[in-house]
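Participant: Sequence:
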Amino acid sequence: MQRAKNKRRRKRFFERNGGLLLKQEVAGNEGLVDKTRIFTSSELEKATDYFNENRIIGRGGQGTVYKGMLTDGRIVAVKKPKAVDGSQLEQFINEVVILSQVNHRNVVKLLGCCLETKVPLLVSEFIPNGTLYEHIHDQTGEVVISWNMRLQIATEVAEALSYLHSATSIPIYHRDIKSTNILLDDKYTAKISDFGASRFVSIGQTHLTPLVQGTFGYLDLEYFQSNQFTEKSDVYSFGVVLLELLTRERPVSQTRFGGNKSLVTHFVWKEQTNDERSSLRVGRGRGTLPEAGPLREDQLGPKGHISLALYPEEHGDVKKERTSSKQWEEGGPATSSTTEGGRAMNQEQGVGVMIKTLIAHFGKRKSGRGEI
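Heads up, the sequence shown is in my numbering, so the first residue is 257 and it goes up one at a time.
Mixed in with the good hints there might be a few duds.
[Said to hold, decoys possible] Computed list of lysine to any residue pairs in SDA-like fashion (alpha-carbon distance at most 20 Å, straight line):
| no. | residue 1 | residue 2 |
| --- | --- | --- |
| 1 | Lys374 | Arg315 |
| 2 | Lys338 | Asn310 |
| 3 | Lys267 | Val375 |
| 4 | Lys443 | Val375 |
| 5 | Lys336 | His360 |
| 6 | Lys365 | Asp442 |
| 7 | Lys302 | Ile312 |
| 8 | Lys338 | Gly368 |
| 9 | Lys323 | Lys336 |
| 10 | Lys336 | Thr292 |
| 11 | Lys338 | Asp305 |
| 12 | Lys374 | Gln318 |
| 13 | Lys336 | Leu367 |
| 14 | Lys302 | Val321 |
| 15 | Lys263 | Glu301 |
| 16 | Lys336 | Gly314 |
| 17 | Lys267 | Gly368 |
[Claimed, not checked] Derived CB-CB ranges, DEER-like:
| no. | residue 1 | residue 2 | range |
| --- | --- | --- | --- |
| 18 | Ala339 | Lys263 | 33 to 39 Å |
| 19 | Ser425 | Glu398 | 40 to 46 Å |
| 20 | Tyr306 | Asp394 | 29 to 35 Å |
| 21 | Glu301 | Arg268 | 17 to 23 Å |
| 22 | Thr445 | Gln395 | 20 to 26 Å |
| 23 | Arg259 | Asp442 | 27 to 33 Å |
It is worth saying that the hints were derived from the structure and are not from the lab.
All residues carry an ideal CB built from backbone N, CA and C; glycine is no exception.
Given these sequences and hints, build the entire structure.
Facilitator: Structure representation (structure tokens):
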């Protein structure tokens with residue numbers, strides 16, 4: 257009797273949590289979607305010790321993430337939302353469908369989901385080193401993230417975005433690229449996560465959204481004004497992450513940037529006003545990267561160095577960012593010096609050039625109103 261009752265309840269939850277919708281999505285995307293495992297509730301209860309608080313590895317406004325171990329010994333992350341309404345359920349199904357067809361070393365791998373619980377659960381590979389945000393904004397001094405590590409992370413995120421935009425069967429726009437959605441594994445390999453807001457988009461098309469989605473400080477202003485999301489909007493958000501990696505400043509601050517509030521606006525404003533006090537500093541004295549002093553105009557744009565700027569006319573996608581990252585890695589600031597036009601450039605100048613190029617192109621991306 258009790259077993260039959262539990263079976264009916266699980267079936268009811270499965271239908272309510274979009275099991276039928278997921279089946280329709282999978283059927284409609286045949287050839288795109290790899291087989292996704294549907295876990296039972298008992299499997300995930302055992303894996304997480306019945307969602308024991310000691311297994312919690314992340315908690316936020318949307319829900320909780322638990323560390324679990326499957327019967328085959330694999331360590332997994334189980335994402336449990338606080339509650340799911342109609343729109344959130346659509347996001348959940350959307351994330352399952354998108355991640356099921358993604359296969360890239362720099363994108364978190366989806367293992368499956370569970371729909372027979374009160375709220376649907378997402379099961380993915382476990383990434384042990386937390387978020388990029390935690391590492392670059394650590395205030396304790398215990399976390400050391402070197403310049404080479406930051407360069408590696410930037411390159412890997414660029415490669416993942418390039419894959420999503422151009423190498424999948426149908427292009428995917430992430431729509432919420434930020435440092436908290438970039439996870440680091442035990443070797444500090446970057447993994448893009450959280451595809452709830454992502455969308456498949458036909459090649460050459462844009463995505464018109466009724467409401468602007470994303471995170472303040474990372475939002476492309478053109479998208480904010482037009483509601484039209486393109487791959488360039490993802491690239492813009494990636495540029496904000498680059499500024500975080502370079503400066504270790506948060507993208508938004510109520511105290512650091514005065515009335516500007518955002519890191520991008522602050523840097524663009526400093527550049528446009530030619531403020532002599534706006535010497536570009538890297539790392540805020542964390543000891544992992546030399547500080548870059550004021551730069552002269554003749555130091556802009558050295559060939560063969562990184563050009564990770566978000567100048568939409570020149571950087572329509574991430575391929576150029578990825579290529580120039582590799583050029584930078586091969587001959588840039590990781591070495592003692594490079595030569596441009598017979599002039600030696602040390603690591604400080606090279607990093608400064610990278611930042612100043614970003615500023616110049618962010619300025620091009622800005623319009624005359626609003627704030628980035």
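Participant: Does the alpha-carbon distance linking lysine 338 and asparagine 310 stay inside the 20 Å limit?
Facilitator: holds, 18 Å
Participant: Can the restraint linking lysine 336 and glycine 314 be considered satisfied, given a maximum Cα separation of 20 Å?
Facilitator: holds, 10 Å
Participant: Could one say that the CB atoms of alanine 339 and lysine 263 fall in the range 33 to 39 Å?
Facilitator: Violated: the Cβ-Cβ distance is about 24 Å, outside 33 to 39 Å.
Participant: Verify the CB-CB distance for threonine 445 and glutamine 395 against the hinted window 20 to 26 Å.
Facilitator: Holds: the Cβ-Cβ distance is about 24 Å, inside 20 to 26 Å.
Participant: Check the hint pairing lysine 323 with lysine 336 against an upper bound of 20 Å on the C-alpha distance.
Facilitator: holds, 11 Å
Participant: Would the pair lysine 302 and valine 321 pass a check requiring their Cα atoms to be no farther apart than 20 Å?
Facilitator: Holds, because 15 Å separates the two Cα atoms, which is no more than 20 Å.
Participant: Given the hinted pair lysine 374 and arginine 315, is their Cα-Cα distance within 20 Å?
Facilitator: Satisfied, since the Cα-Cα distance of roughly 18 Å is no more than 20 Å.
Participant: For the hint 40 to 46 Å, verify it against the beta carbon of serine 425 and that of glutamate 398.
Facilitator: Check passed, 43 Å falls within 40 to 46 Å.
Participant: That 27 to 33 Å hint for arginine 259 and aspartate 442 (C-beta), does it hold up?
Facilitator: violated, 42 Å
Participant: For the pair we were handed, lysine 338 and aspartate 305, check the Cα-Cα distance against 20 Å.
Facilitator: holds, 19 Å
Participant: Run the distance test for lysine 267 versus valine 375: straight-line Cα separation, threshold 20 Å.
Facilitator: holds, 13 Å
Participant: Hinted pair, alpha-carbon criterion (20 Å max): lysine 443, valine 375. Please report holds or violated.
Facilitator: violated, 33 Å
The structure fails hints 4, 5, 18 and 23 (numbered hints given earlier, in ascending order).
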